[in-house]
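2 protein chains.
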Amino acid sequence: MPEPRYDVIAIGNAIVDVMAPATDELIEELQLNRGGMTLVDADRARELYEAMGPAREISGGSAANTLAGLSALGAQCAFIGQVADDQLGEVFAHDIRAVGIDFDVAPRPTNHTDADPPTARCLIFVTPDAQRTMNTFLGASQFLPASALDDEAVAAARVLYLEGYLWDPEEPRAAMRRAIETAKDAGREVAFTLSEVFVIDRHGDDFRALIEDGLIDILFANHLELFALTGTDNIEAGIAALKDKVPTLVVTRSADGAIATRNGERAEVPAEPIEHVVDTTGAGDLFAAGFLFGHVRGEPLERCLRRGAIAACEIISHYGARTEVDLKALMDAKLG
Amino acid sequence: MPEPRYDVIAIGNAIVDVMAPATDELIEELQLNRGGMTLVDADRARELYEAMGPAREISGGSAANTLAGLSALGAQCAFIGQVADDQLGEVFAHDIRAVGIDFDVAPRPTNHTDADPPTARCLIFVTPDAQRTMNTFLGASQFLPASALDDEAVAAARVLYLEGYLWDPEEPRAAMRRAIETAKDAGREVAFTLSEVFVIDRHGDDFRALIEDGLIDILFANHLELFALTGTDNIEAGIAALKDKVPTLVVTRSADGAIATRNGERAEVPAEPIEHVVDTTGAGDLFAAGFLFGHVRGEPLERCLRRGAIAACEIISHYGARTEVDLKALMDAKLG
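Residue numbers (the numbering used here), protein chains in the order written: chain A, 83 to 418; chain B, 83 to 418.
In isolation and in its complexed conformation, chain A is listed as follows:
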């Protein structure tokens, strides 16, 4: 097996987040799915944007956020996702390349119709409790074709990281299936994040089959996703159902910390102490970044979890799911 060119290559949605503070009343008035992620069409996106306060735009996308964190820590990464040939597409591409991530998928031509939509955006309402309510217009992102895959790059990465959100649209799902095959053929690890309960509601059978077939080496889930995937209602039962089927299992529990199992070993960490949570957007994404960074470096399980907790803590201390500080320096200082 040749020396890997990348630590992590990820396939995910290429999204720009449009973020604004919101009152609880507005969440109710707009009948939003508080704390969740909801897919919206162009009309609903327009309606929600009109109701939104003054916003700021920050690149997002779950797997892309994870890669940005990994790259900030010093990992070599590549991203595969679909933007349109428009200004938000330029913003996304700039921001991901600016942190040193390889991103070579050509922008998709857009004429702003349903058939050729603009770059994906996620309208995020952040309530005073720092909870984020996400409304995603998938736009061009859902049209990532399997032909956009660079098989050589996939085969040359230690870990292929896949975002559950992107399992929903058809074309990217096919691309991800092919990437899994390529990675496994090359003897690489496949990591998967379940993303959201609604994704499991729709595609749980696919995910369970991938797991049974031994195609998932590292699985990220929060406790609700764990319950949904395993049909359990407590964490220990959920872990018991999966720990012998996925070599590495990471379960995050928001403020209650995280648990991981890896090849029979088990570790647990509390959440990193934080004075003021501003915006929880990206907490899971950055947890995955920290964990994977330790993992690809062959670190002990507990240290991988600690890295996850520290990265998640940084991201929820400010608006947006892209790290604002020198994450490597912060982590080195915290880990001692």
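Worth flagging that the hints you see were computed from the coordinates, not collected in a lab.
Computed from a predicted structure; not experimentally measured.
Each hint should be verified, as a subset may be incorrect.
[Claimed, not checked] Simulated pairs of lysine to any residue, SDA-like, Cα-Cα distance not exceeding 25 Å:
id: 1; chain 1: A; residue 1: K410; chain 2: B; residue 2: D211
id: 2; chain 1: A; residue 1: K410; chain 2: B; residue 2: V360
id: 3; chain 1: A; residue 1: K410; chain 2: B; residue 2: A212
id: 4; chain 1: A; residue 1: K416; chain 2: B; residue 2: K416
id: 5; chain 1: B; residue 1: K410; chain 2: A; residue 2: V208
id: 6; chain 1: B; residue 1: K410; chain 2: A; residue 2: P103
id: 7; chain 1: A; residue 1: K410; chain 2: B; residue 2: T209
id: 8; chain 1: B; residue 1: K410; chain 2: A; residue 2: E85
id: 9; chain 1: A; residue 1: K325; chain 2: A; residue 2: R290
id: 10; chain 1: B; residue 1: K410; chain 2: A; residue 2: A102
id: 11; chain 1: A; residue 1: K266; chain 2: A; residue 2: E85
id: 12; chain 1: B; residue 1: K410; chain 2: A; residue 2: V360
id: 13; chain 1: A; residue 1: K410; chain 2: B; residue 2: T105
id: 14; chain 1: B; residue 1: K416; chain 2: B; residue 2: P352
id: 15; chain 1: A; residue 1: K410; chain 2: B; residue 2: R385
id: 16; chain 1: A; residue 1: K416; chain 2: B; residue 2: V360
id: 17; chain 1: B; residue 1: K416; chain 2: A; residue 2: H358
id: 18; chain 1: A; residue 1: K410; chain 2: B; residue 2: K410
id: 19; chain 1: A; residue 1: K416; chain 2: B; residue 2: P210
id: 20; chain 1: B; residue 1: K416; chain 2: A; residue 2: P210
id: 21; chain 1: A; residue 1: K410; chain 2: B; residue 2: E107
id: 22; chain 1: B; residue 1: K410; chain 2: A; residue 2: T209
id: 23; chain 1: A; residue 1: K416; chain 2: B; residue 2: T105
id: 24; chain 1: A; residue 1: K410; chain 2: B; residue 2: K416
id: 25; chain 1: B; residue 1: K416; chain 2: A; residue 2: T105
id: 26; chain 1: A; residue 1: K410; chain 2: B; residue 2: P103
id: 27; chain 1: B; residue 1: K410; chain 2: A; residue 2: R290
id: 28; chain 1: B; residue 1: K410; chain 2: A; residue 2: G135
id: 29; chain 1: B; residue 1: K410; chain 2: A; residue 2: K266
id: 30; chain 1: B; residue 1: K416; chain 2: A; residue 2: V360
id: 31; chain 1: B; residue 1: K416; chain 2: A; residue 2: P103
id: 32; chain 1: B; residue 1: K410; chain 2: A; residue 2: E132
id: 33; chain 1: B; residue 1: K416; chain 2: B; residue 2: R385
Following the hints, put chain B in place on chain A, whose structure we already have.
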């Protein structure tokens, strides 16, 4: 004179800020005009964006920032500026309308050529000392035609607020000249911010003529702009040169506070104490917002200045030139 429909109507650049932290080394390497505002063409904008770290997009534009502050304080405002028919234009229009400002100028069609450029953007590099170095691609903004003016609205505002930056391109200059005439004919006040020394270098004769002709009722300048306009090298001499020619003169001096004269009266305030300055972008714009809010309400001169200092202090405590807190509540609390 009919009761005004607006407190302030402003004509200014319609810009989206693209902001990123930067090292001092990068500023040097790119040969940027540290702390200043430089106009750049499309090629240079592309070059600088490529060299920039991951950024966030926040609506900007000097006069638009001032209006956003005024609106947050409870003033009725309208904005006149030119965006293109593109995504950044939508972002600008959304953000300004979302704070309750009337903005009705139709977007200009763009095909991303020099003749029909996209919406203006300002690439802002923020160094560790919180200084902002601005590089503005004016795009569609420089093509604001006089025909975009709503004369009735201009005549119906207590104050017409003009941004010196926009005096540079020809079409907006003509529009501003017409607006001054309309406002004066309607018996309204005309406020002008000098914006930057380079603008005075190019158009100082115009500005001095406007002042001599009694067309400027409220003039905002920082100390460097005051020196450039009056050919003096100290603040007292500068104030002496202008105070009998402009009914209200406001001179800001960054961390050294501000001085104002109004019809023979004089007041002075220190800068508002602040623990940690993050990004000085918009300090002058928000000072003007606070001051004008007090002014249109007929408040004592010192209180107008205090409002300016408080608004400026809020804006430099975070990234971006648009207020992130409930500015009215903050100001009420500080003013007691």
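Cross-check of the supplied hints:
Annotation: proposed proximity of K410(A) to D211(B) holds, straight-line Cα distance about 21 Å (limit 25 Å). Restraint check: the Cα-Cα separation between K410(A) and V360(B) comes to about 21 Å, which is no more than 25 Å; the hinted pair holds. The suggested pairing of K410(A) with A212(B) holds, with an alpha-carbon distance near 22 Å, which does not exceed 25 Å. About 37 Å separates the Cα atoms of K416(A) and K416(B), which puts this hinted pair outside 25 Å; it is violated.
Taken as a hint, the K410(B) and V208(A) pair is honoured in the structure, with Cα atoms around 20 Å apart against an allowance of 25 Å. Restraint check for K410(B) and P103(A): satisfied, since their Cα atoms lie roughly 16 Å apart, inside the 25 Å limit. A threshold of 25 Å between alpha carbons decides the hint, and for K410(A) with T209(B) the separation of about 19 Å falls inside it, so the pair holds. Proposed proximity of K410(B) and E85(A) is contradicted: the alpha carbons are some 59 Å apart, above 25 Å.
As the CA atoms of K325(A) and R290(A) are separated by approximately 13 Å, the hinted pair is consistent with the 25 Å bound. For the hint linking K410(B) to A102(A), the alpha-carbon distance of about 18 Å falls within 25 Å, and the restraint holds. For the hint pairing K266(A) with E85(A), the CA-to-CA distance comes to about 15 Å; that is within 25 Å, so the pair holds. At most 25 Å may separate the alpha-carbon atoms for a hinted pair to count; K410(B) and V360(A) meet this at roughly 21 Å.
At most 25 Å may separate the alpha-carbon atoms for a hinted pair to count; K410(A) and T105(B) meet this at roughly 17 Å. Between the alpha carbons of K416(B) and P352(B) the distance comes to roughly 14 Å, so the proposed pair stays at or under 25 Å and holds. Distance restraint check for K410(A) and R385(B): the Cα-Cα separation of roughly 46 Å exceeds the 25 Å cut-off, and the hinted pair is therefore not satisfied. Straight-line distance between C-alpha atoms of K416(A) and V360(B) comes to about 23 Å, which keeps the hinted pair within the 25 Å bound.
Annotation: proposed proximity of K416(B) to H358(A) holds, straight-line Cα distance about 23 Å (limit 25 Å). In summary, the hint linking K410(A) to K410(B) is not supported, as the alpha carbons are separated by about 39 Å, beyond the 25 Å threshold. Taking the CA atoms of K416(A) and P210(B), the gap is about 22 Å. The hint holds against a cut of 25 Å. Taken as a hint, the K416(B) and P210(A) pair is honoured in the structure, with Cα atoms around 22 Å apart against an allowance of 25 Å.
Between the alpha carbons of K410(A) and E107(B) the distance comes to roughly 20 Å, so the proposed pair stays at or under 25 Å and holds. Between K410(B) and T209(A) the CA atoms are separated by roughly 19 Å; this keeps the pair inside 25 Å, and the hint holds. A distance of roughly 24 Å separates the Cα atoms of K416(A) and T105(B); the hinted pair therefore holds under the 25 Å criterion. Restraint check for K410(A) and K416(B): not satisfied, since their Cα atoms lie roughly 39 Å apart, outside the 25 Å limit.
The straight-line distance between the Cα atoms of K416(B) and T105(A) is roughly 24 Å, inside the 25 Å bound, and the hint therefore holds. Between the alpha carbons of K410(A) and P103(B) the distance comes to roughly 16 Å, so the proposed pair stays at or under 25 Å and holds. This hinted pair does not check out: K410(B) and R290(A) have alpha carbons roughly 53 Å apart, beyond 25 Å. A hinted pair counts as satisfied when its Cα atoms are at most 25 Å apart, and K410(B) with G135(A) qualifies at roughly 16 Å.
Straight-line distance between C-alpha atoms of K410(B) and K266(A) comes to about 58 Å, which puts the hinted pair past the 25 Å bound. At most 25 Å may separate the alpha-carbon atoms for a hinted pair to count; K416(B) and V360(A) meet this at roughly 23 Å. Straight-line distance between C-alpha atoms of K416(B) and P103(A) comes to about 23 Å, which keeps the hinted pair within the 25 Å bound. Taking the CA atoms of K410(B) and E132(A), the gap is near 23 Å; set against the 25 Å cutoff, the hint holds.
Pair hint K416(B) plus R385(B) holds up; C-alpha atoms about 11 Å apart against a cutoff of 25 Å.
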